[in-house]
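> Sequence:
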Amino acid sequence: MVNNRFWDGLENKNGDIGTPEKYIPPTGLPGMDWEVSHTMNESYGYSAHDQNWKSFDQTMRLFIETVSKGGNFLLNVGPDAEGAIPAKATTLLKDIGKWMKVNGDAVYGTTASPFQALDWGYCTQKTGKLYFHVFDIPADGSITVPLSSAIQNAHIMGVSGKKLQIKSTAAGKTILLPKHFNGQMPLVIVTEIKGTPQVIQSQIQTQKDGRIVLTANNARLTGSGGIRLIGATTHNPNRPNAIGAWADKNDQVVWDVKIQRPGQYQVVINYLPNQKHAGIIAIKMGDQLLKHHFSAEKENQFTNKEVGTIEISQQTIGDAGLQIKLNALDIQGLTLPEISSITLIPISK
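Here full-length UniProt numbering is used: position 209 in the sequence shown is 209, and no number is missing along the way.
Think of the hints as simulated: they come from the structure by calculation, not from any bench.
Quick caveat, the model's predicted, so the values are computed rather than measured.
The hints are all genuine.
With a straight-line cut-off of 30 Å between C-alpha atoms, the simulated DSS-like cross-links for lysine-lysine are:
| no. | residue 1 | residue 2 |
| --- | --- | --- |
| 1 | K94 | K129 |
| 2 | K98 | K69 |
| 3 | K101 | K194 |
| 4 | K22 | K94 |
| 5 | K129 | K167 |
| 6 | K162 | K126 |
| 7 | K88 | K69 |
| 8 | K22 | K69 |
| 9 | K291 | K208 |
| 10 | K276 | K298 |
| 11 | K179 | K98 |
| 12 | K54 | K98 |
| 13 | K167 | K325 |
| 14 | K98 | K22 |
| 15 | K298 | K249 |
| 16 | K94 | K126 |
| 17 | K129 | K162 |
| 18 | K167 | K208 |
| 19 | K69 | K129 |
| 20 | K98 | K162 |
| 21 | K101 | K69 |
| 22 | K163 | K98 |
| 23 | K94 | K69 |
| 24 | K101 | K162 |
| 25 | K129 | K179 |
| 26 | K129 | K208 |
| 27 | K284 | K249 |
| 28 | K325 | K249 |
| 29 | K249 | K305 |
Construct all of the structure, not just a fragment, from the sequences and the given hints.
Here is the structure:
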């Protein structure tokens, strides 16, 4: 355990260790040891009135995201005046312990993921092994890993004797998941490789409900104008990561996507309004282009706005080179408003 209260401010990287409280830095803290301290509800100490308990899924996502970025995860326990741990905290700890009993090798002694982001979950690694923590199973029942290295073996941790089918594609390695999994999520796939993982650009996959979610986490930011990821802070731990500091029209945002369903899609942008920032962006896919006008609005919270519709043709399905791009057409104020995600929602006929 590390005490980070020897200076003014919790966001500084003073000393040789970082200790972000109740949030995970968007890209971890490269080049130093770091530890996220988090809570089971909203309080570090015991509070009889704080019943906003995190679910097992929420806690596991925080835990595995931290480890996948190279950090340690410190989970706070607040006993009551009698020294008893609240029942909901006890249940959560037991569930985590049950999962760790099966999947602990995918956490202990691992290092950070070699991948920028994976839309279905996270990765940890050891020499010769990659562990894929699958939280969200894609619509086609498989995960695509942006990896050119050969995978020699793949199986689900805790399930012996059943090797998973692996196929090489232009997008990397596709691993077919079982139709039924009776264990605790996230399921963990352990793979064996030789040498250092050879990573290629990742593709966004269609989710089970047909949506294609392009987040700030898996965006490729290009240009030299200072565009970057902006994430949560100690005082605002629940805000999503977002594309921010976009001050130069030469900067660009790119997502490589793998679409599996043709048809019309509603395009929705999630952004943070700001009364000092406005402008216009173009959303481009092939020869299709939509424009979104940001108005200078009072900053409140991230909000969704419909932008328009695009058409996905049958010929586009499975295209390994398909990209969706954002370009700044006009910037009013110092920067554009922060953008958290672009979502393509299939329109039912």
